[in-house]
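There are 2 protein chains.
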Amino acid sequence: MSNVAELAHAMKTSLDYLIDAKRCEIAELKRLAQTSGLVDGIGGLVHALQRERGLSNLYLASGGSRSLEALMAQHRLTDQLVQLSAQTFEGLDVEAHPAAHGARLFARVALAAQGLSVLDALRQRVLACAENTVRTSAAYARLIDALLAVVFEAADSAADPAISRLLVALFNFSQGKELAGQERATGSALFAAGQAQAEAQQRLMRLIDSQERCFLVFAEFSGESLRARWRDLQTVEGVATLERLRRVLLSTPPTQPLDVEASQSWFDACTQRLDAMRGIEVELTAELQARCRERLRAANDDLRGLQTRLARGEASLGADAFEFFADAVGGSAPPVQASAGAVGPQLERSVHELVHAQAQQLQAMSAELEAVRASLQERKLIERAKGVLMAHRQLSEEDAHSTLRRLAMDQGKRLVEVAEALLAMAPMLPTEPR
Amino acid sequence: MSNVAELAHAMKTSLDYLIDAKRCEIAELKRLAQTSGLVDGIGGLVHALQRERGLSNLYLASGGSRSLEALMAQHRLTDQLVQLSAQTFEGLDVEAHPAAHGARLFARVALAAQGLSVLDALRQRVLACAENTVRTSAAYARLIDALLAVVFEAADSAADPAISRLLVALFNFSQGKELAGQERATGSALFAAGQAQAEAQQRLMRLIDSQERCFLVFAEFSGESLRARWRDLQTVEGVATLERLRRVLLSTPPTQPLDVEASQSWFDACTQRLDAMRGIEVELTAELQARCRERLRAANDDLRGLQTRLARGEASLGADAFEFFADAVGGSAPPVQASAGAVGPQLERSVHELVHAQAQQLQAMSAELEAVRASLQERKLIERAKGVLMAHRQLSEEDAHSTLRRLAMDQGKRLVEVAEALLAMAPMLPTEPR
Numbered sequence: 001m002s003n004v005a006e007l008a009h010a011m012k013t014s015l016d017y018l019i020d021a022k023r024c025e026i027a028e029l030k031r032l033a034q035t036s037g038l039v040d041g042i043g044g045l046v047h048a049l050q051r052e053r054g055l056s057n058l059y060l061a062s063g064g065s066r067s068l069e070a071l072m073a074q075h076r077l078t079d080q081l082v083q084l085s086a087q088t089f090e091g092l093d094v095e096a097h098p099a100a101h102g103a104r105l106f107a108r109v110a111l112a113a114q115g116l117s118v119l120d121a122l123r124q125r126v127l128a129c130a131e132n133t134v135r136t137s138a139a140y141a142r143l144i145d146a147l148l149a150v151v152f153e154a155a156d157s158a159a160d161p162a163i164s165r166l167l168v169a170l171f172n173f174s175q176g177k178e179l180a181g182q183e184r185a186t187g188s189a190l191f192a193a194g195q196a197q198a199e200a201q202q203r204l205m206r207l208i209d210s211q212e213r214c215f216l217v218f219a220e221f222s223g224e225s226l227r228a229r230w231r232d233l234q235t236v237e238g239v240a241t242l243e244r245l246r247r248v249l250l251s252t253p254p255t256q257p258l259d260v261e262a263s264q265s266w267f268d269a270c271t272q273r274l275d276a277m278r279g280i281e282v283e284l285t286a287e288l289q290a291r292c293r294e295r296l297r298a299a300n301d302d303l304r305g306l307q308t309r310l311a312r313g314e315a316s317l318g319a320d321a322f323e324f325f326a327d328a329v330g331g332s333a334p335p336v337q338a339s340a341g342a343v344g345p346q347l348e349r350s351v352h353e354l355v356h357a358q359a360q361q362l363q364a365m366s367a368e369l370e371a372v373r374a375s376l377q378e379r380k381l382i383e384r385a386k387g388v389l390m391a392h393r394q395l396s397e398e399d400a401h402s403t404l405r406r407l408a409m410d411q412g413k414r415l416v417e418v419a420e421a422l423l424a425m426a427p428m429l430p431t432e433p434r
Numbered sequence: 001m002s003n004v005a006e007l008a009h010a011m012k013t014s015l016d017y018l019i020d021a022k023r024c025e026i027a028e029l030k031r032l033a034q035t036s037g038l039v040d041g042i043g044g045l046v047h048a049l050q051r052e053r054g055l056s057n058l059y060l061a062s063g064g065s066r067s068l069e070a071l072m073a074q075h076r077l078t079d080q081l082v083q084l085s086a087q088t089f090e091g092l093d094v095e096a097h098p099a100a101h102g103a104r105l106f107a108r109v110a111l112a113a114q115g116l117s118v119l120d121a122l123r124q125r126v127l128a129c130a131e132n133t134v135r136t137s138a139a140y141a142r143l144i145d146a147l148l149a150v151v152f153e154a155a156d157s158a159a160d161p162a163i164s165r166l167l168v169a170l171f172n173f174s175q176g177k178e179l180a181g182q183e184r185a186t187g188s189a190l191f192a193a194g195q196a197q198a199e200a201q202q203r204l205m206r207l208i209d210s211q212e213r214c215f216l217v218f219a220e221f222s223g224e225s226l227r228a229r230w231r232d233l234q235t236v237e238g239v240a241t242l243e244r245l246r247r248v249l250l251s252t253p254p255t256q257p258l259d260v261e262a263s264q265s266w267f268d269a270c271t272q273r274l275d276a277m278r279g280i281e282v283e284l285t286a287e288l289q290a291r292c293r294e295r296l297r298a299a300n301d302d303l304r305g306l307q308t309r310l311a312r313g314e315a316s317l318g319a320d321a322f323e324f325f326a327d328a329v330g331g332s333a334p335p336v337q338a339s340a341g342a343v344g345p346q347l348e349r350s351v352h353e354l355v356h357a358q359a360q361q362l363q364a365m366s367a368e369l370e371a372v373r374a375s376l377q378e379r380k381l382i383e384r385a386k387g388v389l390m391a392h393r394q395l396s397e398e399d400a401h402s403t404l405r406r407l408a409m410d411q412g413k414r415l416v417e418v419a420e421a422l423l424a425m426a427p428m429l430p431t432e433p434r
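Sequences listed follow chains D and C, in order.
Under the UniProt record's numbering, the first residue of the first sequence is numbered 1, with each subsequent residue one higher.
Under the UniProt record's numbering, the first residue of the second sequence is numbered 1, with each subsequent residue one higher.
Take these hints with a grain of salt, some might be off.
Copies of one chain are not kept apart here, so a pair can be met inside one copy or by any two copies together.
The calculated lysine-lysine pairs, modelled on BS3-like cross-linking and capped at a C-alpha distance of 30 Å, are [to be verified]:
hint	residue 1	residue 2
1	Lys30	Lys12
2	Lys380	Lys12
3	Lys380	Lys30
4	Lys12	Lys413
5	Lys413	Lys30
6	Lys413	Lys380
Read the hints as simulated data drawn from the structure, not as lab findings.
Work the whole structure out from these sequences, hints included.
As structure tokens, then:
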């Protein structure tokens, strides 16, 4: 036996490294389980904030004469969920989160935490009727957007295709639900103000349209049972009321009166729909968590199987060792010395096969992941185009967003198409000095 | 102060989370530094294995009459590098490697370790003249491929654009160098056999072509100084000899005699070129390591800056806190109560701005990364197409590769084009039962 063969015996074997690979996979699944808990908490908090926004709009649009009690009660309810989410945020630890994705995740959490820390200041201005409904809606939308960005990051970083699919379905569903929440707030303000108004009507139309796109992506990536529940939701009684009120809101000519009393029915119809959506969201999150547990159990079983093989000494130079080259030399393994410790049960796959199978499986997973994540591409492009505008034109984020939206409306294009066009010419834009 | 505001004071602030994000970034940079060490060791080992392959071919093609001493000496030299690399492999720890990428990295290392563990068996067969040059070359190529796959994984997982660029340049350079090594082995065997042979000639042409593509990608992603060194390398004296011998090898009609004595000049000319390439590889790796250190230093400076702010109490609700909503509500920050502890130096950016800047920077980095990684896409597509063939047609990896290559040659297409076409129809292929 030569020097290198002796070395080979002293070294960690390929089986040891397979075990390391499995440990990494388990670390990733634990991280995903932790992320699922985070996403669950955010869903509940966002739901409360959406309701708080709707009630704030009812209150403001009525000049402080309606919904004060409901709003105050909602503040208390939201506070409890803020506390819960804050705990989940604090439970995230740097060690458990892969370096680069962790950096993006914590940067998102930083923004969300900043929003939550000034929620009270916003509420005080609302209660003092020192803000209008448009600015208040925008402020809540911004906070919710920061929270959903955490969910987006989670979806974008998941490395297990099945779990990633569910996270993509969840993110899109939550995004659609948020647009439905903005629809509720906008409609509430319109009815409570008692007068149709062109800008708000256009906004409503856009909100209804964009919801549909989100729910299509959700349906593409969620399982059949949730898709069915979502279909059922379109036919319940309350939806008819909602559709009728939508028609009223959109078809009343600008400056013509709207029935102020309908504001409560609108709010209730929308709320019923949003609550039902929240039910689906909760179920989707539960499925996500179940899937994490199931994958974790399977990975732990795999790990034990590998460790058993290691304990049996299968890792040493076995009869199958030369198989590593057999593929390359285009034949079956030659009769190399049949060394001791080489014989595992005939029915099990050899370590050689295992190493190959695992490499292939990881490759297949990474291909599937790319496909799932591609569905997040639209949002990334829009975010990136906003970033370009902010850097080159010294715009605020909201101004950048409005600019893109205006360009899209003027050209009759989708937001993402305008974003793509802008990014394509980005290298030619001059940078204004900061 | 309401309940939520009190909560906000008890919670981790956005500054705390910014610090967490920075810590993740630092963890990522440390991981990259560790990976650079790994990549360095692999480069040296691959270089030794390439030389060992060339000498093995000289030895085998001469029927065991040439190069035995040089080959034995090379075995001892390679062994030292195997030992060094093994130590670096063992120094990789599961904790330091992000979960999903870690799983792929260790799966690659497992395959490489398996190859190294059977190197001795291969050598014994070579020394006994029990293998021919084609099979031996293929076996060494397979081992080297497994080692370079570790470098590929490192390049594909780096989350810092500048470092990622260098890793992509390095991987492509190493890949090109390996093709140059295969060229040396193939040409050595041809000269030593003393007769031109059509199949080997086609193989040589393919190897020369594919090298060029690799070096183009290297030049695209490396810095100017290394690009210049690479250009200079094309004009040194030895290259003229190499080109002359290439011409002899390629233009001698099949079955016509080749000058056996030229085998040593060919080996020497190729070796001179490969050694010069190794010099560039070493420099590229040094640049990579320097860049890791530099980025790590900068990130640590950032971290200290953030910690100083935290110690100064800047994280509490400051005058800029309402800025979170200011963008959304489309105006400057309203005069919210100017709370204590809000005043940081006027010249520094506010925490609010920092949170935004960091989020934007991470986004820009992730866009740049996508662009760099896209250059690794070809290899991924080919690997994936091989995987499909292996699964559907029960082929070995090498047979899958040959099939793709044959398809490409028959259709006059590039390997990656055939791979893409195959992947496009993959969903329609029937799966044979295992």
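Hints and how they fare:
For the identical chains of this complex, lysine 30 and lysine 12 are neighbours both inside a copy (26 Å) and across copies (23 Å), given an alpha-carbon limit of 30 Å. Proximity of lysine 380 and lysine 12 under a CA criterion of 30 Å is satisfied inter-copy only: 28 Å between copies versus 42 Å inside one chain copy. Taking the closest pair of Cα atoms, lysine 380 and lysine 30 come within 30 Å of each other both inside a single copy (26 Å) and across two copies (27 Å). In this assembly of identical chains, the alpha carbons of lysine 12 and lysine 413 never lie at most 30 Å apart, being 58 Å within a copy and 42 Å across copies at closest.
With identical chains, the CA atoms of lysine 413 and lysine 30 are never at most 30 Å apart, being 42 Å at best within one copy and 45 Å at best between copies. For a Cα distance limit of 30 Å, the shortest separation of lysine 413 from lysine 380 inside one copy, 17 Å, qualifies, whereas the shortest one across copies, 34 Å, does not.
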